[in-house]
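The listed protein sequences derive, respectively, from chains A and B.
According to this note's numbering, the first sequence is numbered sequentially starting from 1.
According to this note's numbering, the second sequence is numbered sequentially starting from 1001.
Worth flagging that the hints you see were computed from the coordinates, not collected in a lab.
A few of these clues could be false.
[Said to hold, decoys possible] Listed below are the simulated BS3-like cross-link pairs for lysine-lysine, each with C-alpha atoms no more than 27 Å apart in a straight line:
no., chain 1, residue 1, chain 2, residue 2
1, B, Lys-1016, A, Lys-41
2, B, Lys-1713, B, Lys-1731
3, B, Lys-1016, A, Lys-35
4, B, Lys-1016, A, Lys-50
5, B, Lys-1610, B, Lys-1539
6, B, Lys-1152, B, Lys-1539
7, B, Lys-1547, B, Lys-1731
8, B, Lys-1313, B, Lys-1581
[To be verified] If you want the footprint, here are the derived chain A segments under chain B, 3+ residues with CB under 8 Å:
no., segment
9, 1-14
10, 19-26
11, 29-40
12, 48-56
Quick reminder that beta carbons are idealized off the backbone N, C-alpha and C, glycines included.
Listed here are the chains, written in short residue letters.
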Amino acid sequence: MHGYAIARRIKETSGDALIVEEGSLYPALNRMLVKGWLTAKWGISENNRKARFYQLTPEGRAVLRQEEKQFQSLVNAIFQVMHSA
Amino acid sequence: MWDELRRRLGYFWRRKNFDSELDEEIRFHLDTRLDELMQAGLSDREARLQARREFGRQGPVREDSRTAWQFRLVEDLMADLRYAGRAIRRNPAFAAAAVLSLALGIGANLAIFSLTMEFLFSRPSVHDPESLAYVILGGGSNAAPEQYRFLKDAHAFEGLAGMNPETETNWRNGDNTYRLWGTRVTDNFFDVTGTPVAKGRPIHAGDQREAVLSDQFWRGRLGGDPNILGRGLVFDGQLYTVAGILPPDHRTLIGFGFSPDLYLTIDPSTAGNETTVMLYARLPAQMTRQAAYSHLLALCGDLDKIFPRTEYKWSNNTEIRGVTGLDRLKLLYGMPIAPFFGMLTTVVGLILLIACANVASLLLARAASRQHELAVRQSIGASRGRIIRQLLAESLLLAILGTVAGLLLNFALAGLANRIQPPLPVPVRLHIQPDWRLLSYAIGLATASTLLCGLMPAMRATTRDVQAALKLGERSVAARLGFRRVLVVAQLTVSVVLLLTGFLFLRNLSLSNSLSPGFDIHHTVWAYVRLVPERYSSKDPAESKSKIERLANRAVEQLRGLPGVESAATAAIVPLNDNVKIGNDIRVDAHSDAQHPLYTANWIGPDYLKTMGIPLLAGREFLATDRQGAPLVVILNQSMAHVLFGDRNPVGHTLRFHDDPPETVVGVAKNSKYFSLGEDDLPAVYWPDAQSSRAAVNLNFMLRTQHPESILKEVNNALGAIDATAAIDVKPMNRALGLALLPSRAGAALLGSMGALGLLLAALGLYGVLTYSVARRIREIGIRVALGAEPATVGYLVLRSSLALAGAGLALGGVLGYFAAGPLAMFLVPELSPHDPAIFAGVFATLLLVAIAATLSPTIRALRIDPVVALRYE
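Input sequences plus hints: build the corresponding full structure.
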């Protein structure tokens, strides 16, 4: 997806609860490119404009899984504390 | 990690495109949002405004996106260096002074480094020097042909070759005979060592009477003849074929710049002494030196059976040594050459310290004037570390420029050094070439200089107390002079040490020049004759001896007859040019207990002492009657007489050396110098050459004459007439002392110039600080003059402060110098103590003069200033 689509997707899927600060979107994308978690390619968007499309690399996928696991255990921990009270 | 590095490098190449691509991406983002908003019903203008508002400020977005890719440090460094470059261009005088100081300091260090590396640690031009070893058998540096053959046939190593570098050879070219320095080698030498040749081919196993010439000999004496290969040249009366030419940068296994004219095969006709060889073994691939040593010890057992020796076994003092690096330094047998280079390196390091102190002082002055600007930067948000990094970049740039200039200086000096041929009895040539070792050392020096010069000023320029610095106002602040004063005192201290060293060596030289060697060098001529071995050698050593003796006697008679010659004599050894040390059991008269002194010896003809001007203290000289068959006689020198006989007169007593028949002492000679001008008194004995069995083809004729220069040609002709095939070299004795004086001359030249260089740099530093300190006091001076002070009083005031600095430096330097000078004693003649008060006084006086001179100019300028102007000076 291209950068704008990523931001819009996050916003829509979370029902406007999570809004990506656009000022931090592109720096973050570039950091992930440096780390090799994404690759980028120029292409044509749905409205016929030239846009840069990003894609996860296998390494990026692995990192995503890792982060997801960590987030999940964090959430579980919080639940535990709240339900034991 | 490496992938990330690669990706970042990729960015580095695409830097320009990145910005425009990011632009396009942001534009796309905004346009897409614009479309959405317009579809939702906003007008074009409103949509645009909203889209942009939502996106936020673009500047940080671009900056942060870019930063994700950059090598932070490298980008910062590049920016800092560019900034430093601009600063330097704005202050060319300051930059010139700093770069010059560093160039001199670093250049001197690089020069000494190159010299030391090449002289002490050159790599021999052989294949794989690490697997080559020098074999010492039974404590002897050379091995006899029998032992060589035995070890070679035993296949103890992958290859065993022999080399004798101490051979001279007569080269007959037309009517002239020249004396060359050749190295005799076994036929497999080039194969075993893998020494490369530049033209032609090396000597191969099985070759006979082949020669490989050095590049210098081929170009210098043969005019670089392109058809030289395969031609024959006559060496020692035999025809040798030229097989090849060595490369110009050939370095021998001996090292230390030793550079023979050619390599020759050892042939059946080669004279006796020259067939002993130094053994070089090529160790098989897996064999360590330890293993080789054990292997060798086993073979020594076999040697004991086949070539038994009475006093010791073959395994005594047997050694396997490497041919590179520190192992090779053992060849120097305790000559203080390595310590000399160590001292040179230290001295030149001190010079660099002085130069760095100069630059640090300059940087301090500059930094002080920028304190306000730097405080402003810190208050905006620059971290202290960041500013320090930027200031260090300035000193880095200076250090880089200084190093480049220093390298150029080094190349120039190296070129000079490579052309020098020191007056040594063996040919020595250096091939100093820049290599990676020099480059790494240069980089190390540059880094060290950067830190030394820049760190302290950088830290002092950026202060923790930003508020206070900001309040100081924009104009140049009256910076505290304290630290610069410390630097100057340090420079002066180090200069004292440097000057001390320089003065000591200069005085040493003048003393050496005036040292009496104990014999007359101004009325003596030395004629060296090398006979062609073939014509005088025969199976019976006694026969060769008598042939040579007859020739020598005829020569002496002829020489005595020459006009102007007062007396003439033969000598086996010419003092201060070569010598032997012997340790032996000596028994006096009939006593059975022996003394065991170390002594030197010479085999001389009649009239030797008279010819050399060595006084005879008792008894008589040798006569023509002291020859073979006559009673054995010996002459002692004072020290030897004292050791063996105490205060008694030794004349008439007998001595027994080891197991030899008894000899009668017939005379006592005054002490003279034998090895070096600076030596302590050494016991010595003289034997009549006629009564020895020596049959050397090297003859020395000493002549006494009032005007040495005028008879050189006649002596040459007279000797040439007796044997036309001999190589003859005639010179006045005072020229022959070049070797003896070489250490003092080299020491004086090197250390004297370094002392001067250090003093110059310190003087510059002192001048800089004093100028600055006077400039600070211009208002004060103006007030004093306006109030009526005499110029002299004001001048004295300024002078006093500079003398205080100088005094502190001298005091510290004196103490430091006292301790530093102690170890120098090993390089100086015994008459000169390293703590000689006259030298210390001279050093102090010189530095005081320099201090006063450095103060003079700024003081005079200060006094000339119009008081009105001075009062307004900020």
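Q.
Closer than 8 Å Cβ to Cβ for three or more residues is the test here. Does the segment 48-56 of chain A pass it with chain B?
A. holds (count 4)
Q: Measure nothing beyond the straight line between the CA atoms of B:Lys-1713 and B:Lys-1731; if it is 27 Å or shorter, mark the hint as holding.
A: holds (10 Å)
Q: Take the C-alpha atoms of B:Lys-1152 and B:Lys-1539, compute the straight-line distance between them, and say whether it is at most 27 Å.
A: The hint holds at about 26 Å.
(Q) Cut-off 8 Å, C-beta pairs, minimum 3 residues; does the coverage of the segment 19-26 of chain A by chain B stand? (A) holds (count 5)
(Q) Taking beta carbons only, do three or more residues of the segment 29-40 of chain A come closer than 8 Å to chain B? (A) holds (count 7)
Q) Count the residues of the segment 1-14 of chain A with a beta-carbon closer than 8 Å to any beta-carbon of chain B: does the count reach three? A) Held - the segment 1-14 of chain A has 3 residues with a Cβ nearer than 8 Å to chain B, which meets the minimum of three.
Q) Would the pair B:Lys-1313 and B:Lys-1581 pass a check requiring their Cα atoms to be no farther apart than 27 Å? A) holds (23 Å)
Q: Take the C-alpha atoms of B:Lys-1610 and B:Lys-1539, compute the straight-line distance between them, and say whether it is at most 27 Å.
A: violated (36 Å)
Q. Is the Cα-Cα distance between B:Lys-1016 and A:Lys-50 27 Å or less?
A. holds (19 Å)
Q.
Please verify whether B:Lys-1016 and A:Lys-35 have alpha carbons no more than 27 Å apart.
A. Distance of about 21 Å is within 27 Å: holds.
Q) Is the Cα-Cα distance between B:Lys-1016 and A:Lys-41 27 Å or less? A) Holds, because 18 Å separates the two Cα atoms, which is no more than 27 Å.
**Q.** Hinted pair B:Lys-1547 and B:Lys-1731, Cα distance within 27 Å
**A.** Distance of about 26 Å is within 27 Å: holds.
Consistency with the previously given hints fails for number 5 only.
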